[in-house]
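Produce the complete structure using the sequences and hints provided.
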Amino acid sequence: MNRILWMAWRYVVYHKAKTVILTLCLTLTAVLPLTAHLLIAHYGDSLTARARGTPLVVGAKGNRFDLVLKALYFGSASVDRIKMSEVESIRESGLATPIPLHLRYTARKRPIVGTTLEYFEFRGPRVARGTGLRELGQAVLGAKAAAELQLGPGDFLFSDQRSLYDISKTYPLKMHVVGVLAETGSPDDEAVFVDIKTAWIIDGITHGHQNVAQTTDLSMVLQRTNDNIATTDAIVEYNEVTLENIASFHTHCEPAELPLSAIIVLPHDLKSSTLIKARYNLSETHRMLVPAEVVQELMGLVFKVKRFFDANFALITVSTVLFIILVVLLSHRIRKREMETMFKIGCSRLTVFWLQAAELAIVLMMGLGLAGVLSIGVVWAAPHFVRWL
Amino acid sequence: MIAIRELRFSYGDGAFGLEVPELRIARGEKVAFIGPSGSGKTTLVYLIAGVLTSKGGSIEVNGVDLSGWSDRQLRDFRISRIGFVFQEFELLDYLSVRDNMLLPYFLNATLELTPKVYAQVEELASSMHLSDKLRRYPKTLSQGEKQRVAICRALTTSPDILIADEPTGNLDSKTADVILSLLLGEVERRQATLLMVTHNHALLDAFDRVIDIQAFARGSQS
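Sequence order for the protein chains is B and R.
Under the working numbering, the first residue of the first sequence is numbered 102, with each subsequent residue one higher.
Under the working numbering, the first residue of the second sequence is numbered 1020, with each subsequent residue one higher.
No lab work stands behind these hints, which were simulated from the structure alone.
Heads up, some of the hints might be wrong.
[Claimed, not checked] Pairwise CB distance ranges, derived in the manner of DEER restraints:
#1 R:Gly1057 / B:Ala412: 51 to 59 Å
#2 B:Gly401 / R:Asp1112: 52 to 60 Å
#3 B:Leu416 / R:Lys1158: 37 to 45 Å
#4 B:Ala412 / R:Gln1162: 50 to 58 Å
#5 B:Leu106 / R:Val1229: 44 to 52 Å
#6 B:Val114 / R:Ser1177: 25 to 33 Å
#7 R:Gly1082 / B:Val114: 42 to 50 Å
#8 R:Arg1155 / B:Asn103: 18 to 26 Å
#9 B:Asp411 / R:Lys1074: 28 to 36 Å
#10 R:Arg1155 / B:Asp411: 48 to 56 Å
#11 B:Ala412 / R:Asp1112: 37 to 45 Å
[Said to hold, decoys possible] To spell it out: a stretch of chain R is covered by chain B in this simulated footprint if at least three of its residues, at any positions, have a beta carbon under 8 Å from a beta carbon of chain B; those stretches are:
#12 1086-1094
#13 1108-1115
#14 1121-1132
[As the list claims (entries may be wrong)] Facing chain B, from chain R, some residues (calculated, C-beta under 7 Å):
#15 Val1070
#16 Ile1098
#17 Phe1103
No experiment lies behind these values; they were computed from the predicted model shown.
For glycine and all other residues, C-beta sits at the position ideal for the given N, C-alpha and C.
Right under this line is the structure:
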């Protein structure tokens, strides 16, 4: 048998092109469905793990998938705004702890997450370098964002200008990077965290001005009385928070009116959870979602699509098998004289069969072996790939 | 010694058949089978070799009757006692020259692949002027070289009988002379019996006996 295996090996090595084509056909046929399965499984695990860890989410009425994907994964879909008064309302109910989220802006394409310190206590990311958020205008970067942007404590980062040609928009905010979070394997790794008040500065709702009472540039002062100073529109609006100007920052609206994208709600117990959900069931402007249920529904859709791909893969497998059968039959026909010569010399027809079977087995093993190696690669790369997705 | 008595053979449709009342070929004899295409030359040597099975009569090789032998016995007989040389060389393109020469040892486990066999192959290759080509593949050889490799393959097992089916059919006359001379030389040196099918009448002088197969043929394969 060893001699037959050796001859079969010589055959597959000699006919490289044929071997490579058959091997790749088998590899792709095995790897494609496996890869799709692994990636979807990882994607599902990744989505559901974060969803299971987030009890409730409040947002404006609208697409429930958008709201959950925005609040949990900082997705790019836009959601209607809600007001800060909802946070106060939940807090005052005594049923849950609200964590406000402002998710409207980006910094070098990474989502800016405006939130409060409760978010860090809830999600639990550790500061790997530098410090946490302490003042207005500061930013803490997720591990991946810091690595990709090559930024660390002491560096600066500008928020992205949303519309280059709209001069009514506020200028990008120059943020001071004060810390980098340890890697968590979650969307937090790619985010830029700022205090919720800093997010409102980027929004243009909170801002600081030059102290016109101290200004020496009289061309900006239109009228000065004992209790009022009127200035021109040329007065400088800060786009950086510094120790010198931090005191000048103020908001031109009621705190309860300040905008949010969503609120993560952490009920104190099961009863509180039921009560607070009941309250929002009656709301016409807001909705409260259980992220795990929404993600489960979303995964149901993903699995429906996967079934379609599975059917495709099954067809590809059938066509590959037929292709290999065709190649084997043609090869058998072409090699009929070779086989006949072997028989005449003194080889049994069974040995001739084993020789061809061994050739096919070697190609199968090479194809499936390569598929195995690639699958190990996919298993290794899947978490990174899913995070990239 | 080969002894054939009352041998009868026909293909499925019965349109062609061979009937050999008696034929004796002595050990070491060099016999040429001639006749037109389809007259049964190859059929007769394949019957002697056990590749085809007769429908009657007997074929004895060295006093042993082949009729009634199982396929396995016939295969073992062929691999150890008979060497084949074909018109189209029938070398395996994916094996080196050396491995082609060793092919019988790869195909049948009854033959043991010992260092002595490897030495024998080296010696054969040397006698056929192929020593420097042992690592090459058949597609890089000339027609004459391919046939020399085929002769080496046939002789590797030191057979008693060498069956050569038109071995010079694909060669030019000069190369054919060289190949025949090498073949006859080896056969004589080994005291083996040579059964050669040929159309080439110019080669017949080199044989001890020439048998016109038409004497045994009934009908025509063509």
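The hints, checked one at a time:
no., hint, in the structure
1, R:Gly1057 / B:Ala412: 51 to 59 Å, "57 Å, holds"
2, B:Gly401 / R:Asp1112: 52 to 60 Å, "56 Å, holds"
3, B:Leu416 / R:Lys1158: 37 to 45 Å, "39 Å, holds"
4, B:Ala412 / R:Gln1162: 50 to 58 Å, "55 Å, holds"
5, B:Leu106 / R:Val1229: 44 to 52 Å, "45 Å, holds"
6, B:Val114 / R:Ser1177: 25 to 33 Å, "30 Å, holds"
7, R:Gly1082 / B:Val114: 42 to 50 Å, "45 Å, holds"
8, R:Arg1155 / B:Asn103: 18 to 26 Å, "24 Å, holds"
9, B:Asp411 / R:Lys1074: 28 to 36 Å, "59 Å, violated"
10, R:Arg1155 / B:Asp411: 48 to 56 Å, "50 Å, holds"
11, B:Ala412 / R:Asp1112: 37 to 45 Å, "42 Å, holds"
12, 1086-1094, "holds (count 3)"
13, 1108-1115, "holds (count 5)"
14, 1121-1132, "holds (count 8)"
15, Val1070, "5 Å, holds"
16, Ile1098, "3 Å, holds"
17, Phe1103, "6 Å, holds"
Violated hint: 9 only; the structure is consistent with all others.
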